[in-house]
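Enquirer: Sequence:
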Amino acid sequence: MKPEVSVLLSAYNAERYIKKSIESVLAQSYKNFEFLIVDDGSKDRTWEIISRFRDKRIRSFKIDNSGVARAKNFLLKNAKGDWIAIIDADDIWHPLKLEIQLRYLRMHPECKMLGTFAQVIDDQGNKLHVEPKVTDWLTIQKVISLRNVFTHSSLVYDASIAERIGGYPVSMQKDYAEDYQMIKNFIKYGNAENLPVVLVEYRIALQSITSSRRFNFITSSQKIRMANHYYILARIHAFYLNNKKEALKNILKSIQYGPGLLMYYVFIAMLLIPGMRLLIQKRIRKKERFEYLQQLESPEEFLQRLKVEETQHQHPESLT
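Residue numbers for the sequence shown follow my numbering, beginning at 1 and rising by one.
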């Protein structure tokens, strides 16, 4: 039977976390998927760990190191599913992730790329915060040129559109930019949304920025995760917790990891200009349609509500 979904995982020197990532995919309540894993020339025990898994849905590959974008494109070319689901080698899925997203996609055929909220965790697995995400297509179109509003490991997207745009661009100057650019290319051909439910744990390794030696060994991908982590914290404190001091502290940490990003300096200016933060806060809350401190549904609650909506969608006469 042809798999409906191709789950793709590319890994490089991922021995520390990849076992949990793979296990979280194999534990999905939804079963009709293939799982493609590529070891992109790792020099640690990554391939050894991958090889221990014997699940028949796994197809594993070992290639010479070619970079993040080329490794992902290698997997895309070998994928057989109508949908592509992405997981990074240090992230973890909730068991209901694929079931929830596929149910939603079947009910909303106009949606061709679907992400979710993410629980940020540290290198020990401790929960840090939930990232507030823009959810609706209309708003995503307005803000996607300014910032990436998707967590890559949460995405499920149409395989035919990914093929049409040539997958992930390999000519990006920074090795973390290929995800963002692919998304911007993709949404020229299909709608995209985020579901307001936490279905992925997104890991950041909290590195000490007081040690220049350790900082120099952080990869570009890790640096952008750190910069984004502190930027999200700054937004939370500024727009949802009304804590200007903490917002400023966190945006300064973002700049240490990503000094070239203009939006961080704009954010500081916003904090320092009297009245501007309150004005933007009102707009942000209205635009994002999400109060950070509101009670989110659990995945189980979200799935149950989705099932009810699915029944009503299939049998609208039951509403009368």
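The hints are simulated quantities; they were obtained by calculation from the structure and are not laboratory data. Hints should not be assumed to be uniformly reliable.
Calculated pairs, SDA-like style, for lysine to any residue (alpha carbon to alpha carbon, straight line, at most 20 Å) [claimed, not checked]:
no., residue 1, residue 2
1, K188, P109
2, K184, I204
3, K43, N65
4, K142, N185
5, K20, D64
6, K223, L262
7, K31, F53
Enquirer: None of the hints should be skipped; say for each whether it holds.
Expert: Hint by hint, here is what the structure shows:
1. For the suggested pair K188 and P109, the alpha carbons sit about 16 Å apart, so the restraint of at most 20 Å is met.
2. With a CA separation close to 24 Å, the supplied pair K184 and I204 exceeds the 20 Å bound.
3. Distance restraint check for K43 and N65: the Cα-Cα separation of roughly 10 Å lies within the 20 Å cut-off, and the hinted pair is therefore satisfied.
4. Of the supplied pair hints, the one linking K142 and N185 holds, its CA atoms being roughly 15 Å apart against a limit of 20 Å.
5. For the hint pairing K20 with D64, the CA-to-CA distance comes to about 24 Å; that exceeds 20 Å, so the pair is violated.
6. Only pairs whose Cα atoms come within 20 Å are accepted, and K223 paired with L262 is accepted, the gap being roughly 16 Å.
7. Restraint check for K31 and F53: satisfied, since their Cα atoms lie roughly 16 Å apart, inside the 20 Å limit.
Consistency note: the structure conflicts with the earlier hints numbered 2, 5.
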